[in-house]
Structures are given as structure tokens and as C-alpha cells.
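A.B. asks: For reference, each letter of the sequence shown is one residue, going 59 to 617 in the working numbering.
Certain hints may be false.
Said to hold, decoys possible - Cut-off 20 Å, straight-line C-alpha distance, at most; resulting in silico cross-link-like pairs (EDC-like, lysine to aspartate or glutamate):
1. Lys576 with Glu442
2. Lys329 with Asp205
3. Lys449 with Glu286
4. Lys359 with Asp205
5. Lys308 with Glu442
6. Lys421 with Glu469
7. Lys576 with Glu601
8. Lys328 with Glu286
9. Lys576 with Asp505
10. Lys275 with Glu243
11. Lys576 with Glu469
12. Lys482 with Glu472
13. Lys449 with Glu601
14. Lys421 with Asp505
15. Lys421 with Glu442
16. Lys585 with Glu497
17. Lys308 with Glu286
18. Lys482 with Glu601
19. Lys476 with Asp465
20. Lys421 with Glu392
21. Lys328 with Glu497
22. Lys421 with Glu358
23. Lys421 with Asp406
Honestly, the hints are just simulated from the structure, not real lab data.
As the structure is a computational prediction, the values presented were derived from the model and not from experiment.
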Amino acid sequence: MLAPTRYRASFLLLAFPFIFFILFYTHRESLLSVQELLHTKPSPNEPPAAHYDSAFIHESTLEGTRPDHSSLPVVNPNPILFDESGAPPPIYTAPVAPSASDSSPDPHTQPSNSLPHTTLSPSTPSPSPAFDSTSPPCLALSPLAQDTVIILKTGSTEIASKFPIHTTTTLRCYPHSLIFSDHAENFHNATILDALASVSPAIQATHPDFHLWRRLKQNGREALDGSELAGPGGMADPNGTGHASNPGWKLDKWKFLPMLAATYTLHPSKKWYIFLETDTYLFFQSALSHLSSLPNPSKEKFYMGADTLIGDTHFTHGGSGFAISHAAMSAVVELYQSEQAHWELVTDNHWAGDAVLGLAMAKAGVSVMGAAPTWQGRGIGDVEFGEEEGKGRWCAPTVSFHHLSADEVREMWEFEQKWILSTKGDMGRGMRWRDVYQEYVLPRVSDRRQGWENTSPSSPGSQETTGIQDLAACARLCEQDGSCVQYTFIPTTGRPIEGRLIEGRCLTSPSPRLGSAKEGSQAGWMKSRMEAFAGTMPRCEGEILWPGTQKWREALMMK
Numbered sequence: 059m060l061a062p063t064r065y066r067a068s069f070l071l072l073a074f075p076f077i078f079f080i081l082f083y084t085h086r087e088s089l090l091s092v093q094e095l096l097h098t099k100p101s102p103n104e105p106p107a108a109h110y111d112s113a114f115i116h117e118s119t120l121e122g123t124r125p126d127h128s129s130l131p132v133v134n135p136n137p138i139l140f141d142e143s144g145a146p147p148p149i150y151t152a153p154v155a156p157s158a159s160d161s162s163p164d165p166h167t168q169p170s171n172s173l174p175h176t177t178l179s180p181s182t183p184s185p186s187p188a189f190d191s192t193s194p195p196c197l198a199l200s201p202l203a204q205d206t207v208i209i210l211k212t213g214s215t216e217i218a219s220k221f222p223i224h225t226t227t228t229l230r231c232y233p234h235s236l237i238f239s240d241h242a243e244n245f246h247n248a249t250i251l252d253a254l255a256s257v258s259p260a261i262q263a264t265h266p267d268f269h270l271w272r273r274l275k276q277n278g279r280e281a282l283d284g285s286e287l288a289g290p291g292g293m294a295d296p297n298g299t300g301h302a303s304n305p306g307w308k309l310d311k312w313k314f315l316p317m318l319a320a321t322y323t324l325h326p327s328k329k330w331y332i333f334l335e336t337d338t339y340l341f342f343q344s345a346l347s348h349l350s351s352l353p354n355p356s357k358e359k360f361y362m363g364a365d366t367l368i369g370d371t372h373f374t375h376g377g378s379g380f381a382i383s384h385a386a387m388s389a390v391v392e393l394y395q396s397e398q399a400h401w402e403l404v405t406d407n408h409w410a411g412d413a414v415l416g417l418a419m420a421k422a423g424v425s426v427m428g429a430a431p432t433w434q435g436r437g438i439g440d441v442e443f444g445e446e447e448g449k450g451r452w453c454a455p456t457v458s459f460h461h462l463s464a465d466e467v468r469e470m471w472e473f474e475q476k477w478i479l480s481t482k483g484d485m486g487r488g489m490r491w492r493d494v495y496q497e498y499v500l501p502r503v504s505d506r507r508q509g510w511e512n513t514s515p516s517s518p519g520s521q522e523t524t525g526i527q528d529l530a531a532c533a534r535l536c537e538q539d540g541s542c543v544q545y546t547f548i549p550t551t552g553r554p555i556e557g558r559l560i561e562g563r564c565l566t567s568p569s570p571r572l573g574s575a576k577e578g579s580q581a582g583w584m585k586s587r588m589e590a591f592a593g594t595m596p597r598c599e600g601e602i603l604w605p606g607t608q609k610w611r612e613a614l615m616m617k
């Protein structure tokens with residue numbers, strides 16, 4: 059028979075202290091562990107759990123060292139993981155470049171499987187409200203990106219002014235990329251490969267063109283003289299950096315064929331190889347759209363870009379960027395490696411490395427496929443949209459621009475990310491010249507801009523008026539001319555006479571052009587007329603005609 063309720067309650071009250079003591083004593087170690095966990099601060103070396111929200115796989119150094127993931131969905135190969143300071147991780151996982159005192163390997167040795175593949179992790183770009191800077195839209199582009207290698211060619215005399223901007227912009231988008239120069243080093247955490255490492259030792263040791271290379275080999279970047287360096291903004295300085303007398307320019311022609319051979323050694327099974335310079339911008343989505351429109355790159359020999367002639371030598375202009383299919387790459391590398399001494403002699407007797415490549419391609423049975431104005435070598439600020447061929451170019455797709463400053467590279471990259479976002483990465487929505495004008499140029503024009511030039515005497519239909527006192531007077535001249543869309547005021551150098559304002563020159567033009575920075579000049583646009591200009595151009599109906607496709611060839615036949 060159970061005890062009355064009041065006795066059971068009294069019993070429990072008396073027993074509770076003893077029960078609690080027994081439980082605490084038997085589980086005291088567990089309770090202390092919980093207390094320590096609650097009051098222990100995380101290790102400063104341990105990132106917060108949120109840092110592991112995004113799982114990823116790093117690409118292996120070389121092809122053939124990882125399983126085939128081609129059937130898997132495309133993932134972000136370049137995620138961003140920030141520590142508590144907000145700083146991004148190093149852009150490359152790369153070995154430290156050997157110092158000048160390190161022993162050097164045999165320079166005649168062909169690139170080996172120990173060469174690192176320069177896969178990037180992204181860094182932080184300039185903020186843009188149109189897209190998430192931690193995961194730029196270019197990372198979700200066509201699977202063909204995984205079968206494409208982007209190769210940047212630079213040089214020790216220009217790398218400091220032209221290369222760094224790419225580490226926070228373009229190189230974040232490429233699953234596979236290589237950077238070649240005339241000096242192997244680790245620069246801005248990037249592995250820079252020596253394109254000249256496999257040139258014959260006798261040439262390396264004695265040829266006058268290799269004087270800079272030998273200095274760099276001995277003393278590293280400290281060997282460079284200030285007069286040999288490219289100027290700020292990524293453009294060649296006026297003292298000859300971009301001319302044949304410059305030691306970096308003398309080495310440049312020797313890079314092309316060895317660079318192709320090294321690239322093919324590192325990536326022997328990719329479908330496409332795109333070669334660029336560090337002042338070239340490539341619209342990656344458009345480039346992939348173009349490449350995907352061409353058949354069977356493993357068997358068809360494509361060598362395409364802005365076709366150029368020097369005498370009777372037909373080649374693609376290096377600064378415009380050019381693309382080589384697997385079949386063409388295999389053919390020309392095999393030819394070069396079997397006749398290296400011959401092609402070094404050809405290079406020695408020529409002044410343009412891209413032309414030497416054209417000669418080698420021709421002997422390998424590969425023809426140039428002209429792809430201008432899709433691949434072209436003008437800067438975005440130099441394009442005259444109103445020139446005679448403007449209407450023919452207006453609806454054509456666009457892939458590349460050349461002679462860009464670091465600021466222009468950044469702006470073009472941000473513009474492309476917004477474009478990819480707006481088109482949802484649709485590979486059928488390649489960018490046209492019309493889109494560049496309406497979406498890139500027009501938002502950048504204004505009534506007045508100091509330190510800028512948008513019109514030159516060579517601009518189509520331009521007129522020059524002297525004796526103009528200021529920018530406002532120049533603007534009035536343009537406004538009075540119904541065909542004028544923009545103007546540039548250039549003050550006359552010298553001192554004011556008797557307190558009068560310096561009189562200058564006014565250039566007006568009916569041809570829209572963005573222009574570029576120029577100290578001392580002032581510029582402006584008639585924005586409503588710039589906008590109206592687009593209405594006078596073709597409507598661009600129908601699909602894009604990519605160079606090399608059957609429909610493109612048929613369209614050429616009809617002209």
C-alpha cells in the first residue's frame with residue numbers, strides 16, 4: 059500500500075540533496091568539460107566555422123594527376139575564403155621563385171612536369187553593386203572554360219605596371235592559366251614562368267638580345283634600370299619601352315615558339331589555347347561563345363585572331379589576342395621541337411615574334427583565320443564608332459581590346475561581370491560592338507572631363523579651330539554644329555600675355571569616341587547626340603555570326 063501523498067513529498071525533499079550530490083560527483087568531469095568549452099575562446103589560428111561553408115576542390119598542378127571530372131557539374135574553382143581580418147588568401151599556391159644566388163637548372167632543358175600550373179584563387183576587386191565580388195559571375199561560364207588555357211605574356215620591364223591588376227580581375231575567371239615572362243619569379247604571389255628557359259644555351263649565353271636575360275638570371279629584378287621600366291598605367295613610356303631599342307622588347311620575339319612548347323607540355327590535352335598580353339582585355343564569355351561555335355578543335359587546325367601582313371608573311375597580331383585549337387597547337391609544337399635550331403635562326407633574323415609564329419604555322423600546315431573586328435588591337439578609347447567601317451562593325455561580336463591601362467582593365471572586367479549577370483551566362487548572347495557602345499561607352503561620357511582627350515585631328519570629320527579661350531567656348535562651337543557629338547580643348551602652351559587668358563585649340567568631331575587620359579587637355583560630349591547616334595546604326599537583328607562558322611562564310615560570300 060502506497061504511503062500517503064504528503065509522506066512521499068517529504069521523503070523526496072529530504073532525499074534531493076543526497077541525489078544531487080551523487081549525480082554531481084559521478085559526472086563532475088563532464089560538467090567541468092562543458093563549462094570549459096563554454097568559456098574557452100577559439101584559437102586564433104582556427105578560422106570560424108563559416109569559413110568552411112563553401113567546399114571546393116583545388117586543381118592539380120598538371121594534367122594527368124587528377125581524375126576526369128568532365129561529367130560533373132561546373133563548380134567554382136576559385137572560391138574566396140577570408141580570415142577574420144578580411145584579407146584574402148594568396149592569389150596563387152606557388153613556390154617561391156629562386157633567388158639570384160640559387161643554382162640554375164640547365165636552361166636548355168624542356169619544361170618538365172615539375173613546372174607549376176598557375177591556378178588562381180580570387181582576391182577582392184573594386185566594389186561593384188551589380189554583382190557579388192566574392193563570386194564573380196564569370197566562374198559559372200560554359201564547361202568549355204575547363205578545356206581552355208589562357209596564357210598571359212609579359213616581360214620583366216613591364217610586369218610591375220601591367221600585371222598586378224589581373225590578379226584581382228581577369229585571372230579570377232580562368233580555371234587554367236599560365237603567365238610567361240623573360241624572368242622566372244614569384245610576383246604578387248603569382249608563379250611567373252621563364253618563356254626563354256628552353257632556348258639553346260649558346261644563344262642564352264652570347265646573343266646580344268639576351269643581355270637583359272643574363273642580368274636577370276644573375277641579379278634578379280635588382281638588375282633592372284629605371285629607364286627600362288614601363289610607365290605608370292600600364293602603357294609604354296615615351297622613352298622607348300615599346301620600341302626595338304628597349305632590352306625587354308628585344309627579348310620579346312624569342313618568347314613565342316618556346317612559350318607555345320612549354321604550354322603544350324603543361325597542358326597537352328586541352329581543346330583551346332588563348333594567348334594574350336597584359337594590356338589586352340578578353341571578354342571571356344564572348345571568347346568561349348566563339349570557340350564553342352567552331353567544330354572539333356581536336357582535329358581541325360584553327361589559328362585565329364586579327365590577321366596581319368608583314369610583306370608576304372600572314373599571321374595573327376599578338377596584342378589582339380589569338381586562339382589556337384588543340385590540333386594546330388600539336389602540329390606547330392611538334393614542328394618547332396624537331397627544328398628548334400632552324401626556328402631560332404628565323405627568329406634571330408626577324409623583328410616580330412608573332413610573325414615568326416605565323417611562318418611556323420604555315421609550314422605546319424595551319425592557315426590564319428582572320429577574325430577581325432571580333433579579335434582586334436585597338437584600345438576601347440581609340441575606337442571611332444562613326445568611321446566608315448563603323449556600320450559593318452556595329453553588329454559584329456567583340457572579344458578583345460588592346461593597349462589598355464590598368465584602370466581600363468578593371469573597368470572592362472567589372473563591365474563584363476555585369477553583362478554575364480544580365481545574360482545569365484547564356485553562351486548564345488555574345489557581346490556585340492553595339493553593346494559595348496551602349497553599355498560601356500555611353501555611361502562614361504559627361505559634359506566635361508579634365509585631363510582627357512576624345513578628339514584628334516585624325517578623327518573622321520573632325521574640325522580644328524584656333525584662338526579658343528576655354529573649354530566652354532569649345533563646347534559652344536560643338537553645340538552650334540548639329541553634327542558634332544564631342545570636342546576637345548587644348549590650351550596653347552606659354553604664358554598669358556598682358557593678363558589675357560591663354561588661347562588654345564578646339565577640336566570637334568561627329569564621330570563618337572570615348573578617348574583616354576591626356577594631361578593638359580579637356581574634353582566633353584553632347585550626350586543626347588551620343589545617345590541619338592545609336593539610333594542611326596543597324597538594329598542587329600538575328601543571331602551573331604562568329605568568324606569561321608559556315609553562316610559567317612556564307613554572309614561574306616553575299617557581300
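A.B. asks: Indicate, hint by hint, whether the structure satisfies it.
C.D. replies: Checked hints:
no. : hint               : in the structure
1   : Lys576 with Glu442 : holds, 17 Å
2   : Lys329 with Asp205 : holds, 5 Å
3   : Lys449 with Glu286 : violated, 41 Å
4   : Lys359 with Asp205 : holds, 16 Å
5   : Lys308 with Glu442 : violated, 32 Å
6   : Lys421 with Glu469 : violated, 40 Å
7   : Lys576 with Glu601 : violated, 39 Å
8   : Lys328 with Glu286 : violated, 36 Å
9   : Lys576 with Asp505 : holds, 17 Å
10  : Lys275 with Glu243 : holds, 10 Å
11  : Lys576 with Glu469 : holds, 18 Å
12  : Lys482 with Glu472 : holds, 15 Å
13  : Lys449 with Glu601 : holds, 17 Å
14  : Lys421 with Asp505 : violated, 54 Å
15  : Lys421 with Glu442 : violated, 37 Å
16  : Lys585 with Glu497 : holds, 14 Å
17  : Lys308 with Glu286 : holds, 12 Å
18  : Lys482 with Glu601 : holds, 17 Å
19  : Lys476 with Asp465 : holds, 17 Å
20  : Lys421 with Glu392 : holds, 11 Å
21  : Lys328 with Glu497 : violated, 33 Å
22  : Lys421 with Glu358 : holds, 16 Å
23  : Lys421 with Asp406 : holds, 18 Å
The structure fails hints 3, 5, 6, 7, 8, 14, 15, 21 (numbered hints given earlier, in ascending order).
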